[in-house]
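Top to bottom, those sequences are chains A and B.
Note that full-length UniProt numbering has the first sequence beginning at 1, numbered continuously upward.
Note that full-length UniProt numbering has the second sequence beginning at 1, numbered continuously upward.
Derived from the structure by calculation, the hints contain no laboratory data.
Please note that a few of the clues may not be correct.
Given that identical chains are not distinguished, each listed pair holds provided it fits within a single copy or across any two copies.
Computed list of lysine-lysine pairs in PhoX-like fashion (alpha-carbon distance at most 25 Å, straight line) [what the hints assert, rightly or not]: (1) 67 / 178; (2) 43 / 178; (3) 43 / 67; (4) 51 / 67; (5) 178 / 51.
This is what each chain is made of:
Protein chains: 2
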Amino acid sequence: MTDAAPRRGRGRPSRTETEAAPATRDRILEAAREEFSERGYEKTSVRGIAKAAGVDSALVHHYFGTKEQVFEAAIEVAFAPALAAPAAVEEGPLDGVGERLTRFIFGIWENPATRTPLLAIVRSAVNNETAAAVFRRLIATQLLRRIAGRLDLPDAELRAELAAAQLVGVAMLRYVIKVEPLASAEPERIIGRVAPVVQGHLTNP
Amino acid sequence: MTDAAPRRGRGRPSRTETEAAPATRDRILEAAREEFSERGYEKTSVRGIAKAAGVDSALVHHYFGTKEQVFEAAIEVAFAPALAAPAAVEEGPLDGVGERLTRFIFGIWENPATRTPLLAIVRSAVNNETAAAVFRRLIATQLLRRIAGRLDLPDAELRAELAAAQLVGVAMLRYVIKVEPLASAEPERIIGRVAPVVQGHLTNP
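Starting from the given sequences, assemble the full structure and let the hints guide the process.
Structure follows, in structure tokens:
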């Protein structure tokens with residue numbers, strides 16, 4: 001064993017960079033989320049993310065690869081709670097699934113920390129096919145199919161998507177377009193009307 | 001009465017332009033719809049619209065004013081059928097309003113001629129506050145309030161917006177994000193599930 005610094009290959013991070021990797025990686029991810037949120041997918045560049053994170057572009061490519069991969073990683077972090085949600089949805093009784101799902105979705109939209117990356121995803125997915133594909137892969141396949149799997153009904157996937165459509169539409173009009181009175185209504189007033197609809201889509205005959 | 005050509009003021013369209021006004025105005029509007037559809041609100045310029053229509057930028061300003069006003073005019077044309085819809089919705093029996101509204105919205109989304117400007121509106125409104133304000137003013141106030149006015153229920157506006165949210169969400173997932181199986185499902189399969197939900201939002205106790 002030796003304490004001598006290892007020789008560095010060209011383009012390979014230095015030992016200091018390697019030791020600082022988790023912090024640097026998080027800083028890049030945080031910068032990526034902010035850049036994508038503010039500018040949308042198309043106007044965001046790897047160079048801009050690197051600059052915001054105070055690192056070289058090569059380091060962004062080193063950790064994440066292409067711009068699409070940085071975007072996907074940023075979405076994954078933003079959706080770590082979302083991807084954990086179906087477990088809670090699956091565990092409870094099926095006749096409360098509509099309310100649990102509705103409350104969960106409202107929770108992440110009402111929290112400014114999760115609302116920002118969600119807005120970034122929506123804005124990017126609406127305007128860019130690459131971002132839409134990432135959205136489809138992450139959300140549609142993971143969140144919806146897991147709920148649909150619990151239903152054990154014909155049309156289960158379509159049902160789960162129509163339930164999701166109600167929630168997506170409320171989010172669009174309340175948080176993105178900001179239509180009144182929906183934008184300012186108390187969450188409980190909306191949840192009281194929306195949760196039974198989500199439940200109906202999932203379990204009504 | 002004289003046939004002598006009127007004197008032209010600076011910046012005023014020539015007599016020839018005035019005679020050609022309806023055709024020119026329509027050509028500018030058509031170009032505006034296409035530019036906004038393809039590029040979104042932010043990347044579209046009055047200069048670009050003028051170029052696509054084969055006219056001078058000054059003529060675009062002459063007919064429509066600012067870029068926001070061109071956008072609003074383009075949306076109004078795209079939504080002429082949408083703004084006429086509530087009449088049909090109002091005229092029929094209230095217990096069929098959910099299905100009539102759902103069929104109407106599907107009709108304009110399934111028709112490629114109206115789908116293009118709708119996509120332009122959604123993409124622009126999601127990314128730009130000016131475009132979102134135009135969307136709110138035109139759609140929320142005209143389409144939703146007229147339906148809400150028919151309901152004569154407490155929370156009528158919120159009910160109309162939650163019904164609209166179901167339709168907006170279906171449109172987002174089916175036509176914009178293109179989540180399967182929703183994107184490829186037969187319209188009647190979706191209408192059969194969505195119309196009762198829209199009806200319920202509007203008239204359930």
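For each hint, the structure was consulted:
Taking the closest pair of Cα atoms, residue 67 and residue 178 come within 25 Å of each other only across two copies (22 Å); inside a single copy the shortest separation is 30 Å, beyond that limit. Taking CA atoms no more than 25 Å apart as the test, residue 43 paired with residue 178 passes in both settings, with 24 Å inside one copy and 22 Å between copies. In the homo-oligomer, the alpha carbons of residue 43 and residue 67 lie at most 25 Å apart both inside one protomer (11 Å) and across protomers (21 Å), since each shortest distance falls under that limit. For the homomeric pair residue 51 and residue 67, the shortest alpha-carbon distance inside one copy (14 Å) is at most 25 Å, but the shortest distance between copies (33 Å) is not.
Taking the shortest Cα distances, residue 178 and residue 51 never come within 25 Å of each other, neither inside one copy (32 Å) nor across copies (34 Å).
Comparing the model with each earlier hint shows a violation of hint 5 alone; every other hint is respected.
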